[in-house]
Amino acid sequence: MAPMSVFEQIFDPAGRADPYPLYAELRATPVSRQEDGTYVVSGYDEIVALLHDPRVSSTRRNVPQPGEPGSDEATAVPPPSFINTDPPEHDRLRRLAMRHFGPPHSPRLVESLRPEMLRVITELIDGVAGRARIDVVDDVAYPFPVTMICRILGVPREDEASFHEWADAVVESLDPREEGRAERLRRRQAAVVELHRYLGGIIDERRENPGDDLLSGLVTDEGAEDPMSPVEVVATATLLLIAGHETTVNLITNGMLTLLRHPALLDRLRQEPALAVSMVEELLRYEPPVHFLSSRVALDDIEIGGTVIPKGAPIAVALAAGSRDPAHVTDPDHFDPDRRYNEHLGFGGGIHYCFGAPLARLETQIALTELARRLDNPRLVADPPPYRPSAELRGPRHLLVDVDGVTA
Amino acid sequence: MRVIVDLTRCQGYGQCAFLAPDVFTMNGQEALLYDPDTDDAQREHVLRAAAACPVQAIHLDQMATRHPGMRTGPAPPPVRAGDGSRKTGRIVIVGASLAGARAAGVLRRDGFTGSLTLIGDEPYEPYDRPPLSKQVLTGLAPEDHTLLPRLREVDAEWLSGIAATGLDLAAKRVRLADDREVPFDRLLIATGARARPWPDRQEAALDGVIPLRGMDEAALLRERLAAGPRRVLVIGAGFTGSEVASVCRALDLPVTVVERGPVPLVGALGGVIGAAAAAMQRDHGVDLRCGVTVEALEGDADGRVRAARLSDGSTVEADVAVVALGAVRNVEWLRGSGLAAGVWGVACDAGCRAFDSNGLVTDDVFVAGDVARFPHPVYNYQFMALEHWGNAVAQAEIAAHNMISDQAHRWPHLSLPVFWSNQFGTNIKSVGVPTFADEVVIAQGSLAERRFVAVYGYRGRITAAITFDQAMWLDFYQGLIERAAPFPPELPGADRAERRPVPAEVPERLEPSQVTVVVTGHDPAERRAWLLHDDR
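Just so you know, the sequences run in chain order B and Y. Mapping the first sequence onto the numbering used here, position 247 (from 1) lands on 247, and the numbers just tick up by one. Mapping the second sequence onto the numbering used here, position 372 (from 1) lands on 1372, and the numbers just tick up by one.
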């Protein structure tokens, strides 16, 4: 058997704990063609260029699939959400969703959640008091953003046990490689159908009895240009529920892991809570939750990075490799929260820039500040910790930490 | 605390408006408004917003602006062997606004240790002008909040409130209004421009007739708008006039705009996109009169403006008349100096060195900002003077660098012009020179929805792009302009709309060319223009 390519090695679970040396190898060819025809883009400049290139589509429907009807998203139910949609539909759907989440219509929503975020994180950390060993993932980093996204969307927190399984299935089906794509897609669609059924029920209920939540806003919005159809509302809700609770968990956990590996910085954060702001930006650069964007497709031949990505070719954007590109940032493998003008790809870029970025930032700033302040003498139990299977949305499955106690 | 957002970089991600909603506001989908000198109680929020900016365009308490295309990595090493002597001596900068102040900062940053003098005729510290026609007029930010960040800390002698009145090139002295003379080894001319006054002196002196360029004028206009005039008349529908009209509508004031041309913004964007601007104005309740001029302003017995008589025979009654007829370059003080200075500005080479009236390039006199008229290789080496914020900053940086570098290490000013305007809740951005065009095509989005990218072409190559609320795509088109990519661009967009070029409707004043120029490189030190000869 031929030796594994760098790209293949990145998806081998054995390399999950430290993919960064492999990313450095990838960057030697900033735009490289893989055996399966995928073009992997790993240089910072090349990534930024492609994220702002109107010839790059975000939907696999634009990959020619001769003789394979039914196996791609083109013919598949359910409909895609705005993350897998191009302008002008994308812009319209995102604008409509933004009316109930951020500026210009709801500029204060995220900021107004701060007291509740603090209350939730306080309860979660209170809950581990008296234990000598905690799991940062299960005890804090997972339940915290889930509680917040449920609150924002208006989804009952107690249903988490059921939708968690479907959301996990969706995330684990993400993979930029062509091999096994059809099978992964089948699994994803099965989970998405369940999520749609579940959220569809909640949305129907909100239509009758609207509350002050985002889903109620989507179904009752009268002031909008061309309101979302019921199907579009369900697809949007599904996207926000999955994205809102499968990514921030990784950012918070990666953050705690990084701080435990840099005890001086953990100590500094304890003394200097305002450091959390730049620290989270550096985390987004250094240990981001999203490593790849995998559904991009070239709509035309695109000359970039010394090569031509041919029309119809799938493109995998290696965001995490780009953020550590030494041509863009000095000393990229050094975790330095004091960096000035830290431009990173932690939330992607261009029109698909992370919708929930402000929420993720605030949640992670608050979580790390409170964990640093309240955990007494935290120590990593295992380094590296066990990782979740996905290389695309990468983060520890558990992060066991021994503590001497919990400060009030 | 002082805040400045480099709006040439801003792409409208809106992260700042989420995290510091009391300081940053999105006016529509992507037009950003902010208070440039915010209360210290907002500090924590502003720091969060600045950290979160995806393009790192927010600067706090300092002005380390970067122009588009410049890398975020370390600055190129400014000091090189053999140029030590250029780091000392006496540098005088005439003009203490954006370009002059920026140049002063760069000179010190890059190791100039000699004496540095800034001369400005306004009594204020250098301030930022774009907010004066936007958030200052709406009352979001007081006019004195526009002072540029942390310039006091530049080690320089500031002569404010005093105008330069003459230049003696042979003796290397600048003469001031109080007859003092300031000697220099190297001089930077950055005197900018002023608002073109209403041509009739008596009418111009009527109370309520207000040109808009400086801080005092903005303060006066804001006061008059806040007083609730029956109607505001705006004379001229360029960017300033259009922005004032937009503010009036935001304040729910009746406004009439009178424009000599067929549509607003025609001089900058051509007739096709100007028509979209006209529709936008009318949709927002502006009484827009195009193809018409104001023949006379009439005052009442107390010397206050009360009406305007138009060339179509009609009369507009208004208590405020805003004169927005463009700018006049501040070159009068250079009369008799021997420099090539006239109504068009002060001519200089691409390295910002001034030409004398014989067309000879000077060694020690540099020009930057609105007053500079320089040849741009991408535009047939046509001499152009750009009244853009981004150009003032970029050109000042090039000029400052060249003032302290020997001739082997000088940089050309090759930045493509970039500008923005914020009106009627729409963010308009531009790259390139839209009037250097024979055709225009809507490459993305829809003119009817006023969310689009318009691409301009001249003789089969792309020369400019404009976005209405689509700023995230602009850098892509900048790349096409720099590569002299063919026009019309072939973009198999997802919406598959039909994209047909139409005449751009810009004033005819172009020469044929057999040479195409491409620009490469990101850092100023690397940027180069290359000629591609067309042997057809």
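Don't take each hint at face value.
A partial selection of chain B residues facing chain Y, derived with a Cβ cut-off under 10 Å [as the list claims (entries may be wrong)]:
id	residue
1	88
2	180
3	341
Stretches of chain B that chain Y covers, calculated by requiring three or more beta carbons in the stretch to come under 8 Å of a beta carbon on chain Y [to be verified]:
id	region
4	52–58
5	226–237
6	267–279
These are calculated hints, taken from the structure and not from any lab test. Predicted model, so just to flag it, every value in this text is computed and none were measured. Ideal Cβ positions, reconstructed from N, Cα and C, are used throughout, including at glycine.
Now for the hints, and whether the structure bears them out:
no.: 1; hint: 88; in the structure: 5 Å, holds
no.: 2; hint: 180; in the structure: 27 Å, violated
no.: 3; hint: 341; in the structure: 5 Å, holds
no.: 4; hint: 52–58; in the structure: holds (count 5)
no.: 5; hint: 226–237; in the structure: violated (count 0)
no.: 6; hint: 267–279; in the structure: holds (count 3)
Hints 2, 5 from the list above are not met by this structure, while the remaining hints are.
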